[in-house]
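Once you have looked at the hints, place chain B on chain A.
Number of protein chains: 2
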Amino acid sequence: MEPEKHRNIPSVNPDLSSYFWLQDYTLKDNRYLVSFKSKDYHYLIRVRRFKANDKFIIRIEDDFLKVHIESISKGQDLILKIDDKVVLNSYTSNKIIVLAMIDHYRLDLVIEKLTELGCLKLILLKTDYSQSLSIDLFNRKIRHWQALSRAACMQSGRSNLLDIECKMSFADLYDQYSNLVILDHHSSLLLSNALLDSSIAVIGPEGGFSDKERLWFSKSHITTVKMDGNILRSETAAIIMARST
Amino acid sequence: MEPEKHRNIPSVNPDLSSYFWLQDYTLKDNRYLVSFKSKDYHYLIRVRRFKANDKFIIRIEDDFLKVHIESISKGQDLILKIDDKVVLNSYTSNKIIVLAMIDHYRLDLVIEKLTELGCLKLILLKTDYSQSLSIDLFNRKIRHWQALSRAACMQSGRSNLLDIECKMSFADLYDQYSNLVILDHHSSLLLSNALLDSSIAVIGPEGGFSDKERLWFSKSHITTVKMDGNILRSETAAIIMARST
Numbered sequence: 001m002e003p004e005k006h007r008n009i010p011s012v013n014p015d016l017s018s019y020f021w022l023q024d025y026t027l028k029d030n031r032y033l034v035s036f037k038s039k040d041y042h043y044l045i046r047v048r049r050f051k052a053n054d055k056f057i058i059r060i061e062d063d064f065l066k067v068h069i070e071s072i073s074k075g076q077d078l079i080l081k082i083d084d085k086v087v088l089n090s091y092t093s094n095k096i097i098v099l100a101m102i103d104h105y106r107l108d109l110v111i112e113k114l115t116e117l118g119c120l121k122l123i124l125l126k127t128d129y130s131q132s133l134s135i136d137l138f139n140r141k142i143r144h145w146q147a148l149s150r151a152a153c154m155q156s157g158r159s160n161l162l163d164i165e166c167k168m169s170f171a172d173l174y175d176q177y178s179n180l181v182i183l184d185h186h187s188s189l190l191l192s193n194a195l196l197d198s199s200i201a202v203i204g205p206e207g208g209f210s211d212k213e214r215l216w217f218s219k220s221h222i223t224t225v226k227m228d229g230n231i232l233r234s235e236t237a238a239i240i241m242a243r244s245t
Numbered sequence: 001m002e003p004e005k006h007r008n009i010p011s012v013n014p015d016l017s018s019y020f021w022l023q024d025y026t027l028k029d030n031r032y033l034v035s036f037k038s039k040d041y042h043y044l045i046r047v048r049r050f051k052a053n054d055k056f057i058i059r060i061e062d063d064f065l066k067v068h069i070e071s072i073s074k075g076q077d078l079i080l081k082i083d084d085k086v087v088l089n090s091y092t093s094n095k096i097i098v099l100a101m102i103d104h105y106r107l108d109l110v111i112e113k114l115t116e117l118g119c120l121k122l123i124l125l126k127t128d129y130s131q132s133l134s135i136d137l138f139n140r141k142i143r144h145w146q147a148l149s150r151a152a153c154m155q156s157g158r159s160n161l162l163d164i165e166c167k168m169s170f171a172d173l174y175d176q177y178s179n180l181v182i183l184d185h186h187s188s189l190l191l192s193n194a195l196l197d198s199s200i201a202v203i204g205p206e207g208g209f210s211d212k213e214r215l216w217f218s219k220s221h222i223t224t225v226k227m228d229g230n231i232l233r234s235e236t237a238a239i240i241m242a243r244s245t
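The listed protein sequences correspond, in order, to chains A and B. Its first residue numbered 1, the first sequence is counted upward by one per residue in our numbering. Its first residue numbered 1, the second sequence is counted upward by one per residue in our numbering.
Keep in mind that the hints were calculated from the coordinates and are not lab data. Everything numeric in this text was worked out from a predicted model, so none of it was measured. It is possible that part of the hints are untrue.
Intra- or inter-copy, both count: the list cannot distinguish identical chains.
For lysine to any residue, the following SDA-like pairs were computed, each having C-alpha atoms within a straight-line distance of at most 25 Å [stated by the list, open to error]:
hint: 1; residue 1: LYS55; residue 2: HIS186
hint: 2; residue 1: LYS39; residue 2: SER169
hint: 3; residue 1: LYS226; residue 2: SER93
hint: 4; residue 1: LYS226; residue 2: HIS186
hint: 5; residue 1: LYS226; residue 2: ASP197
hint: 6; residue 1: LYS167; residue 2: VAL47
hint: 7; residue 1: LYS126; residue 2: GLN155
hint: 8; residue 1: LYS121; residue 2: ILE200
hint: 9; residue 1: LYS226; residue 2: ALA237
hint: 10; residue 1: LYS226; residue 2: LEU109
hint: 11; residue 1: LYS37; residue 2: ILE200
hint: 12; residue 1: LYS55; residue 2: SER187
hint: 13; residue 1: LYS141; residue 2: TYR105
hint: 14; residue 1: LYS51; residue 2: SER130
hint: 15; residue 1: LYS141; residue 2: GLU61
hint: 16; residue 1: LYS51; residue 2: LEU88
hint: 17; residue 1: LYS121; residue 2: ARG49
hint: 18; residue 1: LYS226; residue 2: SER17
hint: 19; residue 1: LYS55; residue 2: SER188
hint: 20; residue 1: LYS226; residue 2: ASN94
hint: 21; residue 1: LYS121; residue 2: ALA237
hint: 22; residue 1: LYS85; residue 2: ILE69
Okay, chain A solo, but in the shape it has when bound (with noise of 0.2 Å):
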C-alpha cells in the first residue's frame, strides 16, 4: 500500500517524528544518493513531493537522521545532506492481541492500526468460524503485512516492526499464552481494565464462537468476558483492546 498523497500537507514538518525509511541509496562524502529509477526516489518526489532544501527524517537500519534535499535535478541522483542525527520518540506497550483469523482486507487495515498505537505482537489465531489460516498461508502474505506495518512505522514515527504470528489452534496457543481472556459477547461478565492488564484478549470471528470452543473455554478454566456497548466488529475490536491500557 502506497502512502496516500495528501494535497495540502506542508512538505516540511521536521517536528513531528514521521520518518522515510530509506532502502536503496548510496553514501558518499557524508550525503545518501537515492537514484531517480528508484522506489524511494519516486515516493519522496512524486508522492510526497519533496524540493530542493525540504527537509525531513530519513531511517537507514537503525539510526534516524535529519537531512535536507541538498540537490535534485531530472534524471539525476537525488543528494540529501545530513543535518543531524535525531532520538525518536517512539512508543511500544507490551501489549499482545490475538485476532482470530479475519478476511484479509480488514486484516491490513487492524496491522496499520495496531502498529500505529503501539501494540507489540498480533497473533492471528484460527478457530471454527474464522476466515482460513494455514502456516502455507501465513508465509505467503507475512511481507505484504511487514510491508503495512513498516509504512505505519514511518507515518507514526514508530521504531519497531508489529511482531506477527500465528496459532492454528486454541490448544496451541494455550500451551504458550496461558493469561488469555476470551471476548464473547455471550458471557454474562464485563470486561474490566483490571482484567484487561493482566491478561491477554482473544477477539473471535464475525460468527462467534462454536459450542465445542466454548465448552473448551469452560474446561481449561479461561475467562469469558464481553465489552460494554454495541457489538463491535473483530477489527474494531483488536483496535479498541490495542489501545486499552
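Frame of chain A; chain B shown alone:
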C-alpha cells in the same frame, strides 16, 4: 457498501442483536413479503444466505421483530413470519467528535467505526490543511455516509444513525460549541481523561494545523493537547477518541 459475505458465519444467531433493516416489503396476515427482485431479498438470500426456518431480527421503522423464513422459493416473494417483538440493547453515548475533512476512503471507515462505538455525532470541519469540504460536497455525500452508518447500525445492533454535520471554519464551530479541545502534536500538554470528558475533541488533518490556526486557538483561549504514544493518523485518533470515556 454491501456487508460482506462470511463463508463460515452461522446463519442463526438470534442471541446477538445485529438486525436487518427491512425497507422494501408488504405486510399481509402478520407476515412480511419481500419481493425476489428487491435489494433486501438479494442481501438476505445471496449475501447472508438465509434458508427456510432461519431466524433473525428485522427492523421495521422503529420496531425490532424476531422473524423466521416461513417460505422461500425461486422467483417468489420471501415470506417472513413474525415470532416476537424484541427490545434492543442499543448504545449511544453523548460523545461528539470534530474531524478535519480527510480523504473519502478513510472517512468512510471513521463513519462505520464511530457508529459501532456509539458516538453521537461527527462534525466535519474545513481547516487550512484539510481535504476540501463545501456545503455542496456535504449535500452530495450525506446519503452515502448515512447508508454506511445504517449498515454499521444493523451490524452492531445500534438503533440510531450517527449524526453527521459540517462546519466551514473554526469560528463557525466555536459559535456553536465552546468546550473544544484541540488535539495537536505541537502542544506540550498531555490529553487527560478528565479533559476529554468535559470537552469536544477536535482532530486535525494529516498535515496538522497552520500557524494562523494555532494563533487563533491561543487568542481564543482554546486548550490544545497532545496524545501520548506515536503519531496517529487522523482516522485512528477519531476512532480512539470515540471510544474513550
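Hint-by-hint comparison with the structure:
1. With identical chains, the CA atoms of LYS55 and HIS186 are at most 25 Å apart between copies only, with a shortest distance of 18 Å across copies and 53 Å within one.
2. With identical chains, the CA atoms of LYS39 and SER169 are never at most 25 Å apart, being 39 Å at best within one copy and 38 Å at best between copies.
3. In the homo-oligomer, the alpha carbons of LYS226 and SER93 lie at most 25 Å apart both inside one protomer (23 Å) and across protomers (18 Å), since each shortest distance falls under that limit.
4. Only within a single protomer do LYS226 and HIS186 lie at most 25 Å apart by alpha-carbon distance; the minimum there is 7 Å, versus 37 Å between protomers.
5. In this assembly of identical chains, the alpha carbons of LYS226 and ASP197 lie at most 25 Å apart whether taken from the same copy (15 Å) or from different copies (24 Å).
6. Within a single copy, LYS167 and VAL47 get their C-alpha atoms no closer than 37 Å, and across copies no closer than 29 Å, so neither meets the 25 Å cut-off.
7. With identical chains, the CA atoms of LYS126 and GLN155 are at most 25 Å apart between copies only, with a shortest distance of 23 Å across copies and 30 Å within one.
8. Proximity of LYS121 and ILE200 under a CA criterion of 25 Å is satisfied intra-copy only: 10 Å inside one chain copy versus 32 Å between copies.
9. For the identical chains of this complex, LYS226 and ALA237 are neighbours both inside a copy (11 Å) and across copies (24 Å), given an alpha-carbon limit of 25 Å.
10. Both within a single protomer and between protomers do LYS226 and LEU109 lie at most 25 Å apart by alpha-carbon distance, with minima of 23 Å and 24 Å respectively.
11. Neither within a single protomer nor between protomers do LYS37 and ILE200 lie at most 25 Å apart by alpha-carbon distance, with minima of 45 Å and 47 Å respectively.
12. For the homomeric pair LYS55 and SER187, the shortest alpha-carbon distance between copies (21 Å) is at most 25 Å, but the shortest distance inside one copy (53 Å) is not.
13. Proximity of LYS141 and TYR105 under a CA criterion of 25 Å is satisfied in both settings, with 12 Å inside one chain copy and 24 Å between copies.
14. Taking CA atoms no more than 25 Å apart as the test, LYS51 paired with SER130 passes between copies only; the shortest distance there is 21 Å, against 47 Å inside one copy.
15. Proximity of LYS141 to GLU61 under the C-alpha cut-off of 25 Å is restricted to the intra-copy arrangement: shortest distance 23 Å within a copy versus 44 Å between copies.
16. Taking the closest pair of Cα atoms, LYS51 and LEU88 come within 25 Å of each other only inside a single copy of the chain (24 Å); across copies the shortest separation is 56 Å, beyond that limit.
17. In this homomeric assembly, LYS121 and ARG49 never come within 25 Å of each other (Cα to Cα): the closest approach is 33 Å inside a single copy and 35 Å across copies.
18. Taking CA atoms no more than 25 Å apart as the test, LYS226 paired with SER17 passes between copies only; the shortest distance there is 14 Å, against 37 Å inside one copy.
19. In this assembly of identical chains, LYS55 and SER188 lie within 25 Å of each other by CA distance solely across copies; the values are 23 Å between and 54 Å within a copy.
20. Taking the closest pair of Cα atoms, LYS226 and ASN94 come within 25 Å of each other both inside a single copy (22 Å) and across two copies (22 Å).
21. For a Cα distance limit of 25 Å, the shortest separation of LYS121 from ALA237 qualifies both inside one copy, at 15 Å, and across copies, at 20 Å.
22. When the C-alpha separation of LYS85 and ILE69 is checked against a cutoff of 25 Å, the pair qualifies only within one copy, where the shortest distance is 16 Å, while the shortest distance between copies is 67 Å.
Taken one by one, the earlier hints fail for this structure at numbers 2, 6, 11 and 17, listed in ascending order.
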